[in-house]
Amino acid sequence: MTATTDVAGKPRVSPWNDPGKRALLIQIILLVVFAILAYEIVQNTLANLRSRNISSGFDFLSKSSGFDIIQSLVPYSSNSSYGRALFVGFLNTLLISAVSIVAATIIGFVMGIMRLSKNWLVARVATLYIEIFRNIPLLLWIFIFYSAVLKPLPGPREALTIFDSFFLSNRGLMMPRPLFGDGAWLGGVGFLLALVACWLVARGAKARQLQTGETFPVLWTSIALIIGLPLIGFALVGFPIHWEYPVLQGFNFGGGIAVIPEFMALFLALSIYTGTYIAESVRAGIMAVSHGQTEAALALGLRPGRVLRLVVVPQAMRVIIPPLASTYLSLTKNSSLAVAIGYPDLVAAGGTVLNQTGQAIEVVGIWMVVYLSLSLLTSGFMNWFNARMRLVER
Amino acid sequence: MAADPANLAYVRTEEAPLLPPPANEAGVRGWLIKNLFSSPLNSLLTILVGAFLIWLIWDTVKWGLFDAVWTGENREACTGEGVGACWPLIWDKFPQWMYGFYPIDQRWRPNLVFLIGGAALIPMLIPSVGGKLWNAMFLLIFFPLITIILLSGGHVNFLAQTYAAVIALLLLAAVIVPIAAFGLEDGLQRNRPGIILAAAALLVWLGGFLVDTPSISIGFARVNALPFFSMLLAFLAGVVSLKVALADNSGAGRSALKGWALIAGGLLLAMLLLDIDFGLEPVETSQWGGLLVTLVVAVTGIVASLPIGILLALGRRSKMPVVRMFSIVFIEIWRGVPLITVLFMSSVMLPLFLPEGVNFDKLLRALVGVALFSSAYMAEVVRAGLQAIPRGQYEGAQALGLSYWQMMAKIILPQALKISIPNIVGNFISLFKDTTLVSIIGIFDLLGIVQAGLRDANWASAASAPTGYFTVALIFWVFCFGMSRYSMFIERRLATGHKR
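Protein chains in written order, with numbering that gives the first Met the number 0: chain D, 0 to 393; chain F, 0 to 499.
If we strip away everything but chain F, and leave its shape as in the complex, we get (with noise of 0.2 Å):
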């Protein structure tokens, strides 16, 4: 029914030419108007902002780079008016920055550290890079191992009550192989020896406390009587409930079983590794500084700090009094007092809990301090997670059969970390700056180092400070800011389209 359209004389029959945009919306001069120029206000503010930036650019330039001294043996070269930057300083202070007074003909083992960590980590930051298992275990298991073993120098020289210790300890913790292959009903019935005698270890253990025994001897060394013999009961009940995991056809005996083995096996591997004497000369902690120092006591306060705090933000969420009331108390106290006082804390009052002539090292005892208080803030970025994840998903997950601890590692944690992602890296680059109040306790950390660096009378002149800082500012800045962009784009990534 239409009509013949080559018939109408005012349809086109070819579009129009397109007109260029007003001028005062389209190419620099537009967006100049847009975004700059878009009011009196607007203008007055552009040109007050402007010429601040100017000058602020221009002055550091020309203090950095025009007026900055380059070369030089010591501060006779930046002493005078009008003299920037002081970077001799830099180039002759940089080594002990990065490793304090770490010997120098040793300074390739932490290098090495670096090297390793460095190596490990960028594939695990890499999204696409494959077989994410297997290098987080690197990274929380044999890197640590590594880095101890590089840094101190290892042969730690265990005694031989330690091993004993480890080991009746591993075998009494083999009396739950049983009631994790069979459950806890049917575990208990199988072996009820085992639980027996790991019981009376415990009591004889614990009557140590109380009684003071004679010690005895048996052949070779004098032992304590009671610690002894509940020794050798642990050792038995480990001895009976292995045999019971073993005599069972089933599979589940012999996989429980697998996993014991597996734990046991390392740990004693571990003390073994840490014991053998690799020929590395020994380097105390207090030789320890700069950059090296700052990045121990991070990545221990952030590997430390996640576990821990998981751990309290359920037990603060648990039905069980006792056990939130223990949460609530500790994350609340050590969220409630500034981090240089549970540093003065670590360092003086600690070596008063422990029992005379034990004694550990400075830089330990601050590990300690750190690692408890950022399991605390942890413990609540956590928690903030578990709240916002639906009720529905728990009950789902109960629905289903699922244990509390199966419901949390399978179902609750992975949806709770995973929102929590962005609060979790504003709290390890938090924890990364925190990391330099340790200087005030006497450990030479990377601000500790430049600051008595900054003191050494061979580089004293009025430059001298400035450049220091700046220098120790711009490290710092490259890692946190490195770290808050790092966090911005994995949250992108694992954005799963839940937000409106």
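For reference, chain D alone in the conformation it holds in the complex (with noise of 0.2 Å):
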């Protein structure tokens, strides 16, 4: 006995038994592996790029394009840099993924909830929704809408319209355009007053509604407020606003704001697919809320209304976000299929660049550097946001 233990009383082991020495001894081996993994990477791409005359480096960015980006939300134009057109690209990927997640997330929710409705006819048409449009490839909703849909359309002379200040055509839609005059920031500062004025008249409700119980109706008169202010504002220096209405020249619309087929079909496909997937998340959601806390709060007397508002919605949101949260990023990355239609986002301004340049890696890694960003990002905003709706417990 005392013969296979040492002085502190512990066994002795061989180091191969030893868990701790094992461990060290296989993460050594991985980082031997992956090292010389690198080295064999970093050498080969070295000499390809050599044998094939590529420097490598970002001073391609400061270069000058030499193409055109049909939309664009800066002025860029041909003789911009490679650079700003990746920069073009990345704002009309954030422009799409937002409209569209603001889309989908209020189809989703309609959808999700009619899914639960006692009527069996709009329950039926909801689920026909969800399982029609989640189980075809989004590619080929894109195509669908693009050239199916969109494509037919009348042309430009023959444009449905509606007031004459909109117009839908194969061109795309065209809407008027806001154009403000002198003294229009205004209605800008009515617009932050109202948000002051209502987010203070909602602290001034909770406090007297904890103190005395009594309720406000905070709702309808922030809505007041919105509205309200703001068109004081305007009112106050006259309404300096007017539109510039898109007009038929020749074979296309001039002025007014064009949006074109590719960004409409973009936005119908991700926002029409991806409401499937929160639709169910939200069913989900209001299903995880036991029916006790239901039948509860109608006990209490709460009028059905109520009971979803003040009862299932606040404890279905805490099921229903971190779902949620992972359908927006993959939103966003799904707006990359963009590149199959030819609408400008990064992906597709980025392919266009590497054709050009033939700066692969760099191009790649911008991109790869991009996307996890906007990922981290969100799933970070997200963590907080559900850190704050958690369920605080005792």
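Computed far set for chain F versus chain D, every beta-carbon distance over 12 Å:
| id | residue |
| --- | --- |
| 1 | P94 |
| 2 | V203 |
| 3 | L225 |
A partial selection of chain D residues facing chain F, derived with a Cβ cut-off under 8 Å:
| id | residue |
| --- | --- |
| 4 | L30 |
| 5 | A46 |
| 6 | N47 |
| 7 | V121 |
| 8 | P136 |
| 9 | L336 |
| 10 | I360 |
| 11 | V363 |
None of these hints come from the bench; they were simulated from the model.
Beta carbons are placed, not taken as given, at the ideal position from N, Cα and C, and that holds for glycine.
Both chains come to you apart, so use the hints to assemble them.
The following block contains the structure:
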């Protein structure tokens, strides 16, 4: 017995059977293998780049691009640099993602609640929508909206129109553009004031309810404030706003805001397709609230609308938010399918840059960094939001 | 003590006749009132939604059946006002959608692959059919081999060096046979010469990277000196280790040896089979296309992602910091970027990473990208399953003296994978849908070939795009919907009453 134990009383084990040392060995082997692999890849890449006469580095970003981009939020021309082209693409990615996320959330919540409706037909229609749209690839939906729905629309001369100010044709949707004159900033000031006032009202109302139990119609007051204050601001300076209407010039429209068909197809496909996933999360979230909660709320005498708003939704949101966050992330990543129909997002613009310069590693690196940071930012924000919404227990 | 029931006038002697249920509660009328017209708002919704549904169905039926063109040779048949679906387009293009540009006289080969795959898959999917182990082995080992040989024509023409390298690696791996048989400590002690030889082989091989050595002549060929010596050392190490395992009279040595022989023999047999010229005409992967490529990409992604994903998930939960860090970085990078950038990367960057002159096929590059991408997602699914297993299961397994791999393989993973099945199938479905993205990098999968077919001037008409997309959407829908229903069926079957 004494032969196998040392002074401290620890059993003496051979280094092979000591988990700590074994783990160390495994990790060292892993690191060495990884280092060899990385060394090989770097050597091969350098050799390949040399033989193809490509110089690595980000110098190409400042060179003139020489290609046009059909939609850009910041001034851009074919004389602008490659870097600016990528930036335009990045802004377009942000635009399509933000707009589609809002639409997909609305569609998803409506359909998720419809699916739980007591009305048999309504519930079935929501199920039909979900089963049809989520079982067909997104890329196919983008093509369907692009070439089977938007392409057959009439040309600009026979465009569908509402009040001669909105025109829908195979060149896209044309909308009037607001032009602000002098003193329009007062409207903006009114809007900011309204926001501050709303926050104060909400705080005051909550304090009063906690003290006295009396409620205050916060929602209606806020709506009145947000609409009223900017209007008053505008009225003070005599409504310095006029609209630039789209007008048919030759074969296309001029003036106004043009929503290109690529944007519309991508927007429709992304929001309707992603809406199915949000609808399923919403349904799962509502189903996760136990029936006893609803019954107890009804027994307390709350009306059905208030049961939903005050009891079911706050509890369901805790279940809905985490999957919602990952759905938003995948929507942002899916917006890269824009490249298939030529909407100039980050991947499409980067693809053109890649083809022209051959700087594959740099362009792919930029893509990865941008998407990774978008992912991290979104998940960080959602984690913070989730922590705020979490059930605080004793 | 009870009173005589016969004398009590008010006790019924027979059951009262059953009254019919209230008219508002029963029958078609009751159902309608309860489910469709329970309140004015509900009635309004029913009417609106019903009208929309009727309009939608009527329009689709009118487009697909009444206004449709059923016969024709080219676009002439489908031009004109108010024409619905252009079905002759489908009759004309359908073979191409299935096989792509696969040579027409060779199409029996993909057909045979579909047939064998279906015949092996169906008994696998029906729970009551036995022999699941053999069935799975066939599907995972022999079927891929058959598929490669049939579709590409086999006859890979391995070099003699490749055979030598594989045999050397297998013999090097034989060093662990005594360890597997007698345990770590005893195995190391008995096989000291083998271990030393193997370490020397590895060192010499690594040295080959650092210094350039002259090539030497070995009678029939000229080889580089250091790799050649390392190969010789590996041969020796393997032979010595196998001798140690054989020398033992207990069954342990022999059974470990048998396992090694099975793996080594199987690998060499597979190489030989790929090498043999079966007289099949070689078909380049650029000629493959349509549903064939979609299935090849999806099935490869599915089969490769499960083992890699499980390893990554275990790595992410490992206590070793280096292993954990590698797993986290790998998983988060793939999950953070869109698949299309991964595909671009595999098509433009992967060739840069490989030594000059080494060039592999476009389809294979896309397959590598898809497999790595989906294994990162699979890893997270498996990790969620692992986290759901109570700690007591781990502790119980450890208390029984199981090693890490025994604990994982026998206790944890079977439970974790079972509860992850719905998510795994969900992952499969999204992978199947994501395969359409390979069309963007110029591989003609089902969607890619349909897109190409719609550009055909012979069939250019307003009706062709809706018809083509409708049909391909239907094909995808059948696959995805089928998979999701099957997963629900399996989920119900596997539910063993742990849920409240």
